[in-house]
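Number of protein chains: 2
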Amino acid sequence: MSYIVMNRFQVAEGRESEFEELWRTRESFLDEVDGFEIFHLLRGDDPGEYISHTIWKSKEAFEAWIGSEPFVKAHARAGETPKEIFAGPAKLSQYAVLMTQKKKV
Amino acid sequence: MSYIVMNRFQVAEGRESEFEELWRTRESFLDEVDGFEIFHLLRGDDPGEYISHTIWKSKEAFEAWIGSEPFVKAHARAGETPKEIFAGPAKLSQYAVLMTQKKKV
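Going line by line, the protein sequences match chains A and B. Residue -19 is where the first sequence starts when you use my numbering, and the numbers rise one by one after that. Residue -19 is where the second sequence starts when you use my numbering, and the numbers rise one by one after that.
Careful, some of the hints might be misleading.
For lysine to aspartate or glutamate, the following EDC-like pairs were computed, each having C-alpha atoms within a straight-line distance of at most 16 Å [claimed, not checked]:
hint : chain 1 : residue 1 : chain 2 : residue 2
1    : B       : Lys83     : A       : Glu12
2    : B       : Lys63     : B       : Glu(-2)
3    : B       : Lys63     : B       : Glu(-4)
4    : B       : Lys82     : A       : Asp11
5    : A       : Lys53     : A       : Asp25
6    : A       : Lys37     : A       : Glu17
7    : B       : Lys82     : A       : Asp14
8    : A       : Lys84     : B       : Glu7
9    : B       : Lys71     : A       : Asp26
10   : A       : Lys82     : B       : Glu17
11   : B       : Lys39     : B       : Asp14
12   : B       : Lys71     : A       : Asp25
13   : B       : Lys39     : B       : Glu64
14   : B       : Lys63     : B       : Glu(-7)
15   : A       : Lys71     : B       : Asp26
16   : B       : Lys84     : A       : Glu17
17   : A       : Lys84     : B       : Glu17
18   : A       : Lys82     : B       : Glu12
19   : B       : Lys71     : A       : Glu29
20   : A       : Lys53     : A       : Glu12
21   : B       : Lys84     : A       : Asp11
22   : A       : Lys37     : A       : Asp11
23   : A       : Lys39     : B       : Asp25
24   : A       : Lys83     : B       : Asp14
25   : B       : Lys83     : A       : Asp14
26   : A       : Lys82     : B       : Glu7
27   : B       : Lys82     : A       : Glu12
28   : A       : Lys83     : B       : Glu7
29   : A       : Lys82     : B       : Asp26
30   : A       : Lys71     : A       : Glu29
31   : A       : Lys83     : B       : Glu17
32   : B       : Lys84     : A       : Glu12
33   : A       : Lys83     : B       : Glu12
34   : B       : Lys63     : B       : Glu0
35   : B       : Lys83     : A       : Asp11
36   : B       : Lys83     : A       : Glu0
37   : A       : Lys84     : B       : Asp14
38   : A       : Lys71     : B       : Asp25
39   : A       : Lys84     : B       : Asp11
40   : B       : Lys37     : B       : Glu12
These aren't lab readings, by the way, just hints derived from the structure by calculation. Because the structure is a prediction, the values reported are computed rather than measured.
Only chain A is shown next, with the shape it has when bound in the complex:
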């Protein structure tokens, strides 16, 4: 059963392009991780609202990644991000995919 992990960020006014640039230049090491499927960076309609949105093959695959070396490497730079870029704490949410419906081809 697929699993979706979202981290919601509230970026401070005027710091949006800096935030986007951090994501564009990061090394995520995700693309070779077992059970990783696809990552999206989303920008909401509300000002400063962003979501890092990752689809995993299963909850187990996500949890295995959390405890792995690629995870630690990918997050090493996070400590260097200036705190003033955010207007509040990030909020992590995890979701089980109950139903899926695809475009007919």
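Please build the complex by placing chain B on the supplied structure of chain A, with the hints as guidance.
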């Protein structure tokens, strides 16, 4: 640019299976809509937290669907849903996909 639309539901305690059954038995008419890519029903880790999660080819494709007959047909049954099933109003959010990273194959 892909576009993701999420509708967040807070389901009342004890009504979760009824809510899931409504989704399983609905006729969405989505799978033949231009620009529709994939629909997921998500269940969060917090009790009663659900998201209807739809990926579109573009914002324009989503907006065209909103004004179309398949949308009206798909939502005709919504009025029949007992209000007591929810613990609060649904919250619709729309997101532009800024970055995508896929699993290496």
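These are the hints, each one checked on the structure:
| no. | hint | verdict |
| --- | --- | --- |
| 1 | Lys83(B) / Glu12(A) | holds (7 Å) |
| 2 | Lys63(B) / Glu(-2)(B) | holds (12 Å) |
| 3 | Lys63(B) / Glu(-4)(B) | holds (13 Å) |
| 4 | Lys82(B) / Asp11(A) | holds (6 Å) |
| 5 | Lys53(A) / Asp25(A) | violated (31 Å) |
| 6 | Lys37(A) / Glu17(A) | holds (6 Å) |
| 7 | Lys82(B) / Asp14(A) | holds (12 Å) |
| 8 | Lys84(A) / Glu7(B) | holds (14 Å) |
| 9 | Lys71(B) / Asp26(A) | holds (13 Å) |
| 10 | Lys82(A) / Glu17(B) | holds (6 Å) |
| 11 | Lys39(B) / Asp14(B) | holds (12 Å) |
| 12 | Lys71(B) / Asp25(A) | holds (13 Å) |
| 13 | Lys39(B) / Glu64(B) | violated (32 Å) |
| 14 | Lys63(B) / Glu(-7)(B) | holds (13 Å) |
| 15 | Lys71(A) / Asp26(B) | holds (13 Å) |
| 16 | Lys84(B) / Glu17(A) | holds (9 Å) |
| 17 | Lys84(A) / Glu17(B) | holds (9 Å) |
| 18 | Lys82(A) / Glu12(B) | holds (9 Å) |
| 19 | Lys71(B) / Glu29(A) | holds (15 Å) |
| 20 | Lys53(A) / Glu12(A) | holds (13 Å) |
| 21 | Lys84(B) / Asp11(A) | holds (5 Å) |
| 22 | Lys37(A) / Asp11(A) | holds (13 Å) |
| 23 | Lys39(A) / Asp25(B) | holds (11 Å) |
| 24 | Lys83(A) / Asp14(B) | holds (9 Å) |
| 25 | Lys83(B) / Asp14(A) | holds (9 Å) |
| 26 | Lys82(A) / Glu7(B) | holds (13 Å) |
| 27 | Lys82(B) / Glu12(A) | holds (9 Å) |
| 28 | Lys83(A) / Glu7(B) | holds (14 Å) |
| 29 | Lys82(A) / Asp26(B) | violated (26 Å) |
| 30 | Lys71(A) / Glu29(A) | holds (11 Å) |
| 31 | Lys83(A) / Glu17(B) | holds (5 Å) |
| 32 | Lys84(B) / Glu12(A) | holds (6 Å) |
| 33 | Lys83(A) / Glu12(B) | holds (7 Å) |
| 34 | Lys63(B) / Glu0(B) | holds (15 Å) |
| 35 | Lys83(B) / Asp11(A) | holds (5 Å) |
| 36 | Lys83(B) / Glu0(A) | violated (21 Å) |
| 37 | Lys84(A) / Asp14(B) | holds (10 Å) |
| 38 | Lys71(A) / Asp25(B) | holds (13 Å) |
| 39 | Lys84(A) / Asp11(B) | holds (5 Å) |
| 40 | Lys37(B) / Glu12(B) | holds (13 Å) |
In this structure, the hints that do not hold are numbers 5, 13, 29 and 36, in rising order.
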